[in-house]
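Trainee: Residues in the sequence shown are numbered from 196 upward in steps of one, following the numbering used here.
Check before you lean on any hint, since a few could be wrong.
[Claimed, not checked] Computed list of lysine to aspartate or glutamate pairs in DMTMM-like fashion (alpha-carbon distance at most 20 Å, straight line):
1) Lys356 / Glu344
2) Lys345 / Glu463
3) Lys434 / Glu479
4) Lys387 / Glu428
5) Lys415 / Glu394
6) Lys272 / Asp311
7) Lys380 / Glu344
8) Lys356 / Glu310
9) Lys490 / Glu479
10) Lys441 / Glu409
11) Lys300 / Glu290
12) Lys345 / Glu400
13) Lys478 / Glu464
14) Lys322 / Glu416
15) Lys415 / Glu307
16) Lys478 / Glu428
17) Lys322 / Glu370
18) Lys300 / Asp323
19) Lys345 / Glu450
20) Lys322 / Glu350
21) Lys322 / Asp368
22) Lys499 / Glu450
23) Lys300 / Asp311
24) Lys499 / Glu482
[As the list claims (entries may be wrong)] Pairwise CB distance ranges, derived in the manner of DEER restraints:
25) Arg271 / Asp342: 25 to 33 Å
26) Glu416 / Glu307: 27 to 35 Å
27) Arg214 / Ile417: 40 to 48 Å
28) Gly492 / Ile413: 19 to 27 Å
29) Glu267 / Lys380: 27 to 35 Å
30) Lys259 / Ile403: 38 to 46 Å
31) Arg367 / His289: 35 to 43 Å
No lab work stands behind these hints: they were computed from the structure.
In this text, all values refer to a predicted model and were calculated from it rather than measured experimentally.
All C-beta atoms, glycine included, are put in the ideal place defined by N, C-alpha and C.
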Amino acid sequence: MSFSSDVKEELSRQISTARHCQIAEIAAILSVCGHISISPEDAYQVTVQTENISVARKYFTLLKKTFNIEAEIRIRKNIYLKKSDVYRVQVNNHEDTVRVLQAAKFMSPSLEIAEDLSKMNHLVIQKDCCKRAFLRGTFLAAGSISDPEKSYHLEIVCSTKERALQIQSILRDFELDGRIINRKKNQVVYLKEGSQIVELLGLMEAGISLMNLENIRIRKEISNNVNRKVNCETANITKTVSAAVKQIEDIRYIETHIGFSQLSKGLEEMAVLRLQHQDATLKELGEMLSPPVGKSGVNHRLRKLSSIAEELRGNKEDYYD
């Protein structure tokens with residue numbers, strides 16, 4: 196299973212104890228994949244159709260716990276999408292349908308159906324706990340999350356701009372910075388930061404998935420820190436080696452063209468030591484000198500030698516002091 200499937204499987208088994216939160220989650224699922232039909236006898240039926248078994252199971256369980264309704268479940272193959280299963284959870288009884296729709300605020304007391312099922316009535320999500328339940332049901336029905344081993348990306352696909360804005364507003368109530376982009380005919384609300392995705396998993400009460408994601412984030416951060424340190428040390432070593440190679444080339448050039456006898460005593464001693472100890476650090480070279488010299492003093496003498504070599508290469512004669 197994918198990480199996204201694991202999250203949804205966990206969410207499908209998380210049932211709020213409060214009835215108002217159960218209703219908020221039912222309303223969220225209905226707003227994504229619910230459909231209302233009217234029979235010739237003016238009887239209402241409400242159906243949720245989904246390809247995700249976690250959504251079907253959650254909705255069926257919520258109907259039973261919240262309204263004591265035994266919904267009908269039908270399964271068929273979708274011939275257009277690799278023959279995947281399509282689940283239909285249907286409330287056939289008119290009175291039961293009315294109870295569900297009125298509790299979710301999709302139907303008025305006078306039995307008028309809401310014009311837009313995709314947008315949640317604010318009365319259903321007044322409390323923070325109901326907002327969390329709404330986010331859980333919405334993600335379960337229309338959300339996905341990428342494999343955190345590769346990237347951090349969580350999104351919820353919305354059929355209308357109004358619904359996307361509503362979800363964005365609820366996320367902001369919890370200080371989560373949900374962004375909205377257009378994707379074909381849909382609006383997509385998304386989070387890109389690992390810390391914000393962790394926060395949302397916590398709000399939706401996906402504790403196991405949260406810990407799994409945190410473990411991956413910690414491991415990746417440690418790995419990135421180690422890689423940065425190794426790269427930094429490698430760069431420093433490369434720089435040091437390159438500098439040493441250049442110093443040795445310059446000193447040998449001086450030795451070949453004029454010899455060390457025309458150098459000052461300090462530069463001659465430095466040149467001889469560098470040739471004898473090509474792998475030594477500046478600190479080690481300084482300790483070998485008599486009297487010992489610090490790193491800055493060693494560096495100054497080596498630069499002077501390089502300057503003399505450059506002057507020689509340019510056929511200049513004022514190369515020693």
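Trainee: Hints first: check each against the structure and report whether it holds.
Mentor: To see whether the hints hold, each was checked on the structure:
1. Lys356 / Glu344: Measuring from Cα to Cα gives roughly 31 Å; hence the hint is violated.
2. Lys345 / Glu463: With Cα atoms ~57 Å apart, Lys345 and Glu463 exceed 20 Å; violated.
3. Lys434 / Glu479: Holds. Lys434 to Glu479 sits at ~17 Å (cutoff 20 Å).
4. Lys387 / Glu428: Violated, at roughly 31 Å.
5. Lys415 / Glu394: holds, 18 Å
6. Lys272 / Asp311: Since the Cα atoms of Lys272 and Asp311 sit roughly 29 Å apart, the hinted pair is violated (cutoff 20 Å).
7. Lys380 / Glu344: violated, 30 Å
8. Lys356 / Glu310: holds, 15 Å
9. Lys490 / Glu479: holds, 9 Å
10. Lys441 / Glu409: violated, 47 Å
11. Lys300 / Glu290: Holds - the C-alpha atoms of Glu290 and Lys300 are around 15 Å apart, at most 20 Å.
12. Lys345 / Glu400: violated, 23 Å
13. Lys478 / Glu464: Roughly 15 Å separates the two Cα atoms, so the pair holds.
14. Lys322 / Glu416: violated, 36 Å
15. Lys415 / Glu307: Violated. Lys415 to Glu307 sits at ~53 Å, over the 20 Å cutoff.
16. Lys478 / Glu428: holds, 18 Å
17. Lys322 / Glu370: The hint holds at about 16 Å.
18. Lys300 / Asp323: Roughly 18 Å between the alpha carbons, so the hint for Lys300 and Asp323 holds.
19. Lys345 / Glu450: The hint is violated at about 56 Å.
20. Lys322 / Glu350: violated, 23 Å
21. Lys322 / Asp368: holds, 11 Å
22. Lys499 / Glu450: holds, 14 Å
23. Lys300 / Asp311: With a Cα-Cα distance of about 11 Å, the restraint between Lys300 and Asp311 holds, given a limit of 20 Å.
24. Lys499 / Glu482: This hinted pair holds, its Cα atoms lying about 19 Å apart.
25. Arg271 / Asp342: 25 to 33 Å: At roughly 30 Å between Cβ atoms, Asp342 and Arg271 fall inside 25 to 33 Å, so the hint holds.
26. Glu416 / Glu307: 27 to 35 Å: violated, 54 Å
27. Arg214 / Ile417: 40 to 48 Å: The hinted range 40 to 48 Å holds for Arg214 and Ile417, with Cβ atoms some 44 Å apart.
28. Gly492 / Ile413: 19 to 27 Å: violated, 45 Å
29. Glu267 / Lys380: 27 to 35 Å: Between Glu267 and Lys380, where Cβ atoms are some 31 Å apart, the hint holds.
30. Lys259 / Ile403: 38 to 46 Å: Given range 38 to 46 Å: violated, Cβ gap about 24 Å.
31. Arg367 / His289: 35 to 43 Å: For Arg367 and His289 the Cβ distance comes to about 39 Å; the hint holds.
When the structure is compared with the earlier hints, violations turn up for hints 1, 2, 4, 6, 7, 10, 12, 14, 15, 19, 20, 26, 28 and 30 and for no others.
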